[in-house]
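Protein chains in written order, with the working numbering: chain A, 1 to 166; chain B, 1 to 232.
FYI, nobody ran anything at the bench for these hints, they're computed from the structure.
These numbers come from a predicted model, not from an experiment.
The reader is advised that the hints may include incorrect statements.
Far from chain B, by Cβ distances over 12 Å, these chain A residues were calculated [to be verified]:
id, residue
1, R32
2, L35
3, A42
4, G52
5, E66
6, T75
7, A119
8, R121
9, R123
10, M124
11, I128
12, Q135
Chain A side only, calculated, beta carbon under 10 Å to chain B, not exhaustive [unchecked claim]:
id, residue
13, L7
14, L14
15, G22
16, L24
17, S67
18, D80
Virtual Cβ for every residue (Gly too), placed ideally from N, Cα, C.
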Amino acid sequence: MSEFALLTLLIGALGLVALGIGGLVLSRNLFRVVLALALAEAGANLLLVLVGFRQSAWGAIAPIIESGRDAASLTPSMVDPIPQALVLTAIVIGVGVQALALSLAIRAYGAYGTLDMNALRARMETDIDSAAGTQPARCQHAPAGGRPLPPISAGARRADTPGTPA
Amino acid sequence: MLTRYGTLLFAAGFAFLLFVLFTSQPLGAPPMLAGQALLDEAATTVGAANIVTAVVLAYRGIDTLGELSILFAAATAVGLVLGSAHRTLGAGAPREPGGFILRAGVDFLFPLLLLVGFYIIVHGHLTPGGGFQGGVVLAAAFVLPVLARPTETLSHKAMARVEGLAGGVFILTGLGALAFDRAFLAPLLGPGQLGALLSAGTLPVLYLAVGLKVGAELASLLLRLSEDEADA
Numbered sequence: 001m002s003e004f005a006l007l008t009l010l011i012g013a014l015g016l017v018a019l020g021i022g023g024l025v026l027s028r029n030l031f032r033v034v035l036a037l038a039l040a041e042a043g044a045n046l047l048l049v050l051v052g053f054r055q056s057a058w059g060a061i062a063p064i065i066e067s068g069r070d071a072a073s074l075t076p077s078m079v080d081p082i083p084q085a086l087v088l089t090a091i092v093i094g095v096g097v098q099a100l101a102l103s104l105a106i107r108a109y110g111a112y113g114t115l116d117m118n119a120l121r122a123r124m125e126t127d128i129d130s131a132a133g134t135q136p137a138r139c140q141h142a143p144a145g146g147r148p149l150p151p152i153s154a155g156a157r158r159a160d161t162p163g164t165p166a
Numbered sequence: 001m002l003t004r005y006g007t008l009l010f011a012a013g014f015a016f017l018l019f020v021l022f023t024s025q026p027l028g029a030p031p032m033l034a035g036q037a038l039l040d041e042a043a044t045t046v047g048a049a050n051i052v053t054a055v056v057l058a059y060r061g062i063d064t065l066g067e068l069s070i071l072f073a074a075a076t077a078v079g080l081v082l083g084s085a086h087r088t089l090g091a092g093a094p095r096e097p098g099g100f101i102l103r104a105g106v107d108f109l110f111p112l113l114l115l116v117g118f119y120i121i122v123h124g125h126l127t128p129g130g131g132f133q134g135g136v137v138l139a140a141a142f143v144l145p146v147l148a149r150p151t152e153t154l155s156h157k158a159m160a161r162v163e164g165l166a167g168g169v170f171i172l173t174g175l176g177a178l179a180f181d182r183a184f185l186a187p188l189l190g191p192g193q194l195g196a197l198l199s200a201g202t203l204p205v206l207y208l209a210v211g212l213k214v215g216a217e218l219a220s221l222l223l224r225l226s227e228d229e230a231d232a
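Between the sequences and the hints, there should be enough to build the whole structure, so can you do that?
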């Protein structure tokens, strides 16, 4: 495999990781978040496999000894088996993580009827507040409680900045 | 909007850092020495023609046990989250059987999938494949009939039994090595002849246990998801 092909594979795997991270943070739909996670994971796995690649005169081969071939003549051109074993582990664990994330998303959809993260958060906060019997939390800069706004002193009252406290 | 650009910048920067990190390494000539040592040694000491299998089961067997327990934990957690204890089964939309083509196709595919799954599992130490890959095929074989005939579901209890049995076989095989003054999960019975079906000692037994466990876990996972979909 040429240097160019290796570089292309590397860029492809890195692109998958970057796409996954971008999608993970940018998407608001829970299902897309799970998909982005799977994408980033696939990229990371490809990177790991690529680390184990070994350039050899006769081209790299999979670390499997074919029947009837001498093991000692094959091993110098075999790729590193350890990253492949690690990736096998990573794929299986990734399946478990995705299944758990999807089941949680299903439960959230069943409870709130939406997968949009902003809507979910708003509804969850309303639920928590009503269960706790408290007022919904507001912006930090909003006046606390139900008190009326403090009177604005005449010196601070200007036409361009209405409502600026003294 | 600013967070969006910040995120994009972060993702691009992260990719760039990884790129620099990888290109600064000698591509195609891994600096790790362990891989070459395993390649030289695995054929004679373990006897598995597939060296990845030798790494997964003989050299890092306890890691595989940990991996199986993580998968088990995930399957249990999905059962906990989607548990159907609080609702009567079949309370949702009535489940209609699949069409004729789906049913006939499933009847045709089921034995073939079983055959392929077990073939991949028992040849895990010789060819590409093994317990995890074959287990997924087995899970597909058992989920397909449920898709075609949703009224006849598989019992979770039976799958839990298969899973527990397979996990027990895996651990007992590992403990058996202790009786011969070997490390936990060390392959027994000698390497045998390289490339023969009965070779690599206890590795095929371990991979069979892994295959059954993964198949049962994945099948019960998929069935939980499909049950919930039918009820929603």
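- Query: Looking at A:M124 again, its CB stays over 12 Å from all of chain B?
  - Reply: holds, 16 Å
- Task: Please verify that hint: A:S67, Cβ, nearest Cβ of chain B, below 10 Å or not.
- Result: It holds, given that the least Cβ distance between A:S67 and chain B is near 4 Å, below 10 Å.
- Query: Once the closest CB in chain B is found, is it more than 12 Å from A:Q135?
  - Reply: holds, 27 Å
- Status of the stated non-contact between A:L35 and chain B (beta carbon gap over 12 Å): holds, 15 Å
- Query: A:I128: least C-beta distance to chain B exceeds 12 Å?
  - Reply: holds, 19 Å
- When the least beta-carbon distance from A:L24 to chain B is tested against 10 Å, hint result: Result: holds, 9 Å to nearest chain B Cβ.
- Status of the stated non-contact between A:A119 and chain B (beta carbon gap over 12 Å): Non-interface label on A:A119 holds, nearest chain B Cβ at 18 Å vs cutoff 12 Å.
- Verdict on A:R32 as a residue remote from chain B, using beta-carbon distances over 12 Å: Per Cβ check, A:R32 is outside 12 Å of chain B; nearest 14 Å; holds.
- Taking C-beta pairs only, is A:R121 more than 12 Å away from all of chain B? Since the minimum Cβ distance to chain B is about 15 Å, A:R121 lies beyond 12 Å and the statement holds.
- Task: Classify the label on A:A42 as holds or violated, using whether its beta-carbon is more than 12 Å from each beta-carbon of chain B.
- Result: Given that every Cβ of chain B is farther than 12 Å from that of A:A42, nearest at about 14 Å, it holds.
- In terms of Cβ atoms, is chain B entirely out of 12 Å range of A:T75? Since the minimum Cβ distance to chain B is about 4 Å, A:T75 lies within 12 Å and the statement is violated.
- Query: Per the stated criterion, does the least C-beta distance between A:G52 and chain B lie above 12 Å, as a non-interface residue requires?
  - Reply: violated, 6 Å
When held up to the earlier numbered hints, the structure conflicts with 4, 5 and 6 and fits the remainder.
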